[in-house]
Amino acid sequence: MIDQADLRAAVAAGILSEAQVAALARLSSSRQEAQYAIAAGDEPFEVFQGFNEIFIVVGFGILVCGWSFVAALLFDFASGGLVRQFVIFSLVSAIPIWAAAEYFSRKRRMVAPSIVLSLLWAAISVLGFAAALSEPFMLGQQDYSSLPLPLAAATLSVLLFWWRFRVPFALTLVAAGVFVVALLWTAVQVGNPLTVRDFFLLSSNGPFAWVTLIVGLAVFTTAMFFDMSDPLRVSRRSAQGFWLHIIAAPALVNTVALSLISQDTIIAHFLLFIILFLIAIVAIIIDRRSFLIAAAGYCVALSLTVFDDLAAAYIFVILGFFLVVLGATWERVRSTTLSILGPALPLNRLPPAA
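Per the numbering used here, residue 1 is the first one in the sequence shown, and the count goes up by one each step.
The set of hints was computed from the structure by calculation and includes no laboratory data. Certain hints may be false.
[As the list claims (entries may be wrong)] Label-pair distances were calculated between CB atoms; the ranges are:
#1 Val64 with Glu135: 27 to 35 Å
#2 Phe55 with Ala176: 24 to 32 Å
#3 Ala99 with Gly191: 41 to 49 Å
#4 Phe321 with Leu345: 27 to 35 Å
#5 Thr265 with Val325: 26 to 34 Å
#6 Ala72 with Arg108: 28 to 36 Å
#7 Phe321 with Ile88: 54 to 62 Å
C-beta: ideal position from N, C-alpha, C; glycine also.
Input sequences plus hints: build the corresponding full structure.
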């Protein structure tokens with residue numbers, strides 16, 4: 001550990017300046033305050049910081065509605081030439097959105113307005129690139145081969161937005177864009193999926209479930225990169241990981257669980273319970289409840305599929321009781337789990353148990 005004497009020695013040796021030491025002290029103080037502000041066993045989650053942010057979001061909503069009506073009159077979308085008009089509309093709308101993000105996201109670091117601006121930027125990007133790069137006549141013939149390119153460009157646009165403003169929610173939109181582009185590109189190569197189950201059923205025709213599983217693993221890996229770079233969860237990197245887990249968890253759990261449920265055998269159901277248990281262990285180790293919620297959802301689906309109404313009702317009671325008790329004793333359970341599995345885990349890269 002580096003103490004104040006070491007810092008003074010570094011200044012005396014010319015390694016650090018007084019300004020750098022002062023900045024380092026401020027950073028250390030802010031990190032400690034943020035760490036102590038988090039309740040023991042709690043998971044940081046923030047959608048807005050105060051009612052003023054809600055006030056601004058309402059203003060954005062009214063502003064977007066007003067601009068939409070004005071744009072409908074100015075650009076006269078019903079008169080034809082839609083490609084050119086939608087491209088111009090997107091470019092004109094992108095300028096104030098980016099300017100607002102410079103103030104609300106980069107300077108003020110507001111949470112709720114940044115989420116709204118991320119959604120608006122994503123919508124404008126999809127609209128503009130779809131109008132400029134897709135082929136409407138192909139879409140009318142249910143040929144979606146022209147969609148992957150504009151959606152990939154829109155995803156890169158949102159990634160640029162995230163790179164500039166580091167809005168955690170924007171990474172959710174990037175991950176969702178990657179999913180959509182991967183699935184659309186797969187559909188162009190092998191044909192459209194027959195049902196929604198094809199996206200999550202490994203035994204179905206086509207590679208869609210495998211694409212979902214692979215992309216889900218990639219998103220989970222990225223989320224863990226952010227989580228492990230900030231184990232104390234006092235910076236925006238933790239929020240980046242949280243929003244990525246929101247996308248990764250359903251993709252992973254849905255694919256595995258639905259594939260096992262569809263087999264409708266005792267062995268498959270037993271394996272499903274084992275996998276859900278492992279998902280719960282992973283959620284406890286990485287201190288992310290999103291995975292556990294996804295697992296609980298599939299316990300409900302499993303009980304409705306396999307058992308009769310009375311048995312399903314009992315399972316609901318047991319599952320609800322389990323979640324309530326686990327939520328109340330999360331810190332103790334996690335501490336015990338880490339003490340048992342500690343030798344096999346990089347504890348220095350995981351949130352501390354206390």
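Do the hints match the structure? See the list:
1. Here the CB-CB span from Val64 to Glu135 is close to 28 Å, well matched to the stated 27 to 35 Å.
2. Between Phe55 and Ala176 the CB atoms are about 28 Å apart, so this pair conforms to the stated range of 24 to 32 Å.
3. At roughly 44 Å, the beta-carbon separation of Ala99 and Gly191 lies within the given 41 to 49 Å, and the hint holds.
4. At roughly 28 Å, the beta carbons of Phe321 and Leu345 sit within the given window of 27 to 35 Å.
5. At about 31 Å, the CB distance of Thr265 to Val325 agrees with the hint of 26 to 34 Å.
6. Distance hint check for Ala72 and Arg108: the Cβ-Cβ separation is about 31 Å, which falls inside the suggested range of 28 to 36 Å.
7. For Phe321 paired with Ile88, a C-beta distance near 58 Å keeps the hint of 54 to 62 Å intact.
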